[in-house]
Structures are given as structure tokens and as C-alpha cells.
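Asker: Given next are the chains, with one letter for each unit.
Number of protein chains: 2
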Amino acid sequence: MKKDKLNPKDNQDNPEIFNAAVLKKIQQVRNSQPSIEVLISGILSGEISALSRAITLIESNNKNHFAKANSIINTCLPYANQSVRIGITGVPGAGKSTFIEAFGKHLSSLGKKTAVLTIDPTSSISHGSILGDKTRMDELSKDPNTYIRPSASGDTLGGVARKTRETIILCEAAGFDVIIIETVGVGQNEIAVHSMVDFFLLLQIAGAGDELQGIKRGVIEIADAIVINKSDGDNIAKTEQAKAELNRALHFFPPKKSGWTPIVSSCSAKNHQGITEIQQIITDYIELTKSNTYFDKKRAEQNEFWLLETINEQLKQNFYGNTEIQNLLEKTKKAVQNNESSPFAAAQLLIETYFNSKDQSCS
Amino acid sequence: MKKDKLNPKDNQDNPEIFNAAVLKKIQQVRNSQPSIEVLISGILSGEISALSRAITLIESNNKNHFAKANSIINTCLPYANQSVRIGITGVPGAGKSTFIEAFGKHLSSLGKKTAVLTIDPTSSISHGSILGDKTRMDELSKDPNTYIRPSASGDTLGGVARKTRETIILCEAAGFDVIIIETVGVGQNEIAVHSMVDFFLLLQIAGAGDELQGIKRGVIEIADAIVINKSDGDNIAKTEQAKAELNRALHFFPPKKSGWTPIVSSCSAKNHQGITEIQQIITDYIELTKSNTYFDKKRAEQNEFWLLETINEQLKQNFYGNTEIQNLLEKTKKAVQNNESSPFAAAQLLIETYFNSKDQSCS
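Quick mapping for you: the protein sequence lines, in order, are chains A and B. Going by UniProt numbering, the first sequence runs without a break in its numbering and finishes at 363. Going by UniProt numbering, the second sequence runs without a break in its numbering and finishes at 363.
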């Protein structure tokens, strides 16, 4: 049941389509793809419809769309890179949507344009999104300064990472000042997001000894700020305690290369309290890292990281996708597991088979 | 000034060699390599001289030795895997040598045969070994039940890891009951060692707030026991405090897949105190993990890990060693760092160049 947003058939049960003639007309309109040039000029003038269509091309797994998307991205690149990229993570229930809604509206009130992108590769397993859709951020989605775009679902983390990175470029070229990457805290996601943002914010809630949950997942180590949400009513005392515990925990970690000392803060997103303070923390961070050149250095490193990461991924894909290797691999793994062959000698054999195989792309 | 232990020329300035005739005779004897069969039967009968020669073959970077080493390893494999493999790490000054000396002698007194291997890839940078040579463990090196072998120096971590893994197999085939892998705590080493041992012991010393140093390096997370050494005299009170702090820190980490709860203990290796207790901890661990099948599962996983790790390393080596890629890579990295090209499009181009290049091994 894979959905392709370029294919209007998915909308057949949409109530607005009440007869075949109307359906056909809508299909015709939707099928008439604007040219790459039209999309690019639309993006650069900040047209949301052009931006959305271009992102859909990025998300498509159709090979024809791949070349078009690459061409759009490379043309947009010189106009990108002017935004602040913020990663926001937290376990389900931490109040990420409410926080982003309050934060985005605050930014909008300052005249800033914000794009909210979500990374949710778990949906490929659950066949439904943990993060839900944009209706979660009801008010924010109506804000003219804000653009909310859920991630491509049904994909690997690597695939979602590539698509999100490229979507960031297009959003920046379209004039967005702040890019928020939201992810749900379920393992590897945070590390991938960390390698594509400037500032990484961990959202938590106070309660039942869970304050240090982030340490367990290795997230506290990469956070630039830890924000305790839902600091209202009965929770205020618990929040203060959680903040103290987190501050103690932060001492366990070495100083950051950024020269920044992670800050523990709190807010009540529901009541719009503490939001200005969090924006100030981010502003301070950007100011510090721009003045000590870490900001640009990190972005350059991230670009190089994704270059090498993509190469290594593709080398592996080619190897493990090779027919002869596929035929041999399970048997080899078993032999190695059972100590019938040394891992190094077995690897040597597989590598030789691969480079001698006719099935390889180089033949 | 690379040393090759198979080449006796290094010994020319040895005082024992006082004239050309004697030198020639010694060279002839040393050049007469025993056959693979002789080495294998020597190893299986527990002859240290055969074991040492075979390890030297493993450590050699000569391609002719490579095939011989592989053949010896594969023949020895069915006789291996009966030992307990223990990784020991700690920052310089924690007293690793003194601890291993006390521990090894205790094992020897119980009739156990112990092999001590060291991993020290840092020596390739410093051109000298941080861990020093076996004379550090003066008494233990004279113990007939113990075999001490420093790691191959002047090599990468990956190279040292392969050689150590293969050395473990030969030591086990030679009848050693306990294999100790010693490494100095300087970063990635511990993770490599963790993936080749059954039990991982972190040695620390109490003092000036350094108790949690292991957390910073990510080592506490993988330790099965943390032992505070030098718990004698004035240090005893400090040791108790450090133990309490470490026990609190351990709560931050999720339960281990082994079902084992890491234990904080102390000893005075110098005074041979606490050594029996540590051996008991290891025995308890082995008992638990053998009965819940984690022991065998972990070894099988480690074998598979090294199979895949070696494959991925070799794929990368082939790619980055390709002449056309070498000519393009720096320019591409710069373009990507400066946002002149998207990392993904640039990776695509390099991959296509690689698979079309005639320089590749498959041509």
C-alpha cells in the first residue's frame, strides 16, 4: 500500500471527487508537472506549492524524478545555508508537538519563517507514523510564516536522512529562517538528526526517575539544551528536581568541541511559558559558535560526513546486492558463527568472489 | 626502522654475535622455517616456540606469510574456543601491569595456563609502545604457566584487531585456559577489545574526582566489572567513596543483554589483595552467561561482526585506493564542504566513476 504523492489515485476516495469527469480533470491538472525551471524559480520566490512539489520529487523513488531532484537541489544550493537548523527530540509523551507549536508561533510573531520537518523512519515498520501528521500542530499549520512537512514514510533511516537533508536545502532556498527537524526518540534517529542540525534540543518531562533516560539512549551527550516540558501546576517542584539531577549528570561528559556548555531549562509549552528563554539560549549558541567559527566548521564537517556516509552505504549495497554474494553469505555467516572458518579468511574469500564476479556494476 | 622478527638482520649488533662465521650460522638456523605441519603440531602440543613463530607469521605483512598463517589458523580453529577471554583496560597509571601480574600468578597457582596479549595501536604514532614490553611483568613472564606477547606495533587498530583475534585462536589451540587482552584506555581501543572478549574489566584508581572518567570515554557502559586498584593505606577510604559513586553511575545504564549486573570491586594488586574476589566475579559471570546461553551467542555474534567488519573495511580500502577516486576525492570534499555540490549528488558521481574505472580489481 505504498503511497506516491505524485500519483493522484490515492485521492480517489476523497469526498471532493464525486464523479469521473471531475476526477479526470483533477488528474490532468495534477499530472501536468511544472518544468524544473518553473519549480526552481517558484522555490526561490518562496512559493510553497513549488517547494512542496520539489520535495515530493526528492521523496519519490522513481528514477526519473531522481535526476530532476538533483538538478533542482544543485541549482538551489547557492541560495541555501542561511538558516538556523534545530533538531528536536524527545520520547513520545514529552510534548514535542505542543512545544514546536508554541515555539513556531513565537518565531512567527518575531517575523521569522519556520519550516518543520519530521524524521520518522519507524513508520516503515509500523506502517503508520508515530509522529502522526501535521494536524497535530493545528494552529501552527495555519500560520502563514510556517511550513510543516512530515517525512517520507516507508523508508530506511539512511533514505529518510538523505531526503531530509535535501529538503532542508530547498526550504532554505525558499527563504525559511529556521528549520526544525523533529524526531521521535527511538534509537538511532537522534544521531542521524544530530549530523544535520546546528543545535540539538532534547525535550523531557519530569517524573518517576526518568530524568536520566536520555543518558541511556546516548542523547544527553549530544544535546546542546535539555528542556523539561510540562513545568506547570503540580509539576513545578518535580521539574526543579529533574533540572538539578540533569545538571549533575552533565558533569559526566567532556567539554563540547563547540565551546558551548549545555543548558538545562524548563517550559510549559501548553501555557506558552519559557519559550522566549529557550529561543534566547539558541540565539546565544548561534552567536558563540559563529564567532568561534565552529558553526561553519560543523556544517562543512556534516557535508563531508554525508558524502563519505553515502559512498560507504552504496559500496555496501553493491556488495550485498551481488547475486553470488547473496548465495554465499548466509552459509559463510553460519560457518563463521560455528568456528568452522576464521572471520578474516572468510571475508577474504567473499571479497575475492565479489571482485571476480561478472554480476558487478563494473562489468 | 620496521622490525621483522623473521629477519635476523636486526640482531647484527647483538653482542653475542662476534664474528661473521657465527653470524652466518645463526642466520641459517633462524632462516630454516619449520613447515606449517610442524608449527601446527607444535601448537597443538602446547610448544611455546611453535606458537611464537606462528604468531609472528600472523603479524607479518609479507604476503607469502599471509597464506601460511591462514592455513595454520583454519587448522587450529576446531581446537580453539575453549578458553575464557578477558579484556582489561584502564588509563595509564591505573596499575594494569601490576594487576595482571598478580592476577596471572593467582591463576597459575590454580594450575591455569594464561596468555597475556596486548593491544597498543598507539605505538604506530609514538613509534614506541605505551604499554612497554613484557619486562614490565617481570615475575609473570618467568611463570611456566604464562605466555606474554606484546601486540604487533606500527599498525592500524583494524590490523591489530585482526592479528589479536587470530592470536587468540592459536593460544587457545595451544591449550591456554585464560586469554587476557590488555589495552591502554585511549579511545577506540576498548570497543575493539570488547568485540573480542567474553568479560570486560575496567581498572581504575580512586582520586581527585576522576572516578567517572570511564563514563566520559564510554567504557563504563561496556564494563562487566569496574575494579578500583591501589586500595591500600591512605587510599582505602577514597576507594570506598569511588565505589559508591560508580555504583550510582551504573544505574544510568540500561540492563545488559547478558543478564549480568556489572560489579564494582577493589583490590591492591601490589599487596595481592582482592585478586581472589575478582576471579570469583569472572567465574560467576561465565557461569551465568553459559547457563543462559549468552556466552555462546556473544561469541557467534563477535565472529559475524568481524566477518562483516572486515568485508566493509576491504570494500572501502578498494574504493579509496582507486587511482581515479584518489584524484577526485579531495576536490569533491572541498566542493561539498563549500556547498558547491550536494553530498548525495557528489557521492553518486564518485560511485559511478569507481564502477566504471579500469583500475578496479575486477578488471
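These are computed hints drawn from the structure, not numbers from a lab. Mixed in with the good hints there might be a few duds.
Unchecked claim - Partial pick of chain B residues on the chain A-facing surface, computed with a CB cut under 8 Å:
#1 106
#2 108
#3 109
#4 111
#5 310
#6 342
Positions of the beta carbon are idealized from the N, C-alpha and C atoms, including for glycine.
Asker: Confirm or reject each hint.
Answerer: Now the hints, each set against the structure:
For residue 106(B), the interface hint is violated, since its Cβ never comes within 8 Å of a Cβ in chain A; the closest pair sits about 29 Å apart. With a least beta-carbon distance of about 27 Å to chain A, the hint placing residue 108(B) at the interface is violated under the 8 Å criterion. For residue 109(B), the shortest C-beta to C-beta distance to chain A is roughly 31 Å, which exceeds 8 Å, and the interface hint is violated. Because the beta carbon of residue 111(B) sits about 26 Å from the nearest beta carbon in chain A, more than 8 Å, this interface hint is broken.
Satisfaction of the interface hint for residue 310(B) is found here, the shortest Cβ-Cβ separation to chain A being roughly 4 Å, below the 8 Å cut-off. At its closest, the beta carbon of residue 342(B) sits 5 Å from a beta carbon of chain A; the interface hint therefore holds under the 8 Å criterion.
Hints 1, 2, 3, 4 from the list above are not met by this structure, while the remaining hints are.
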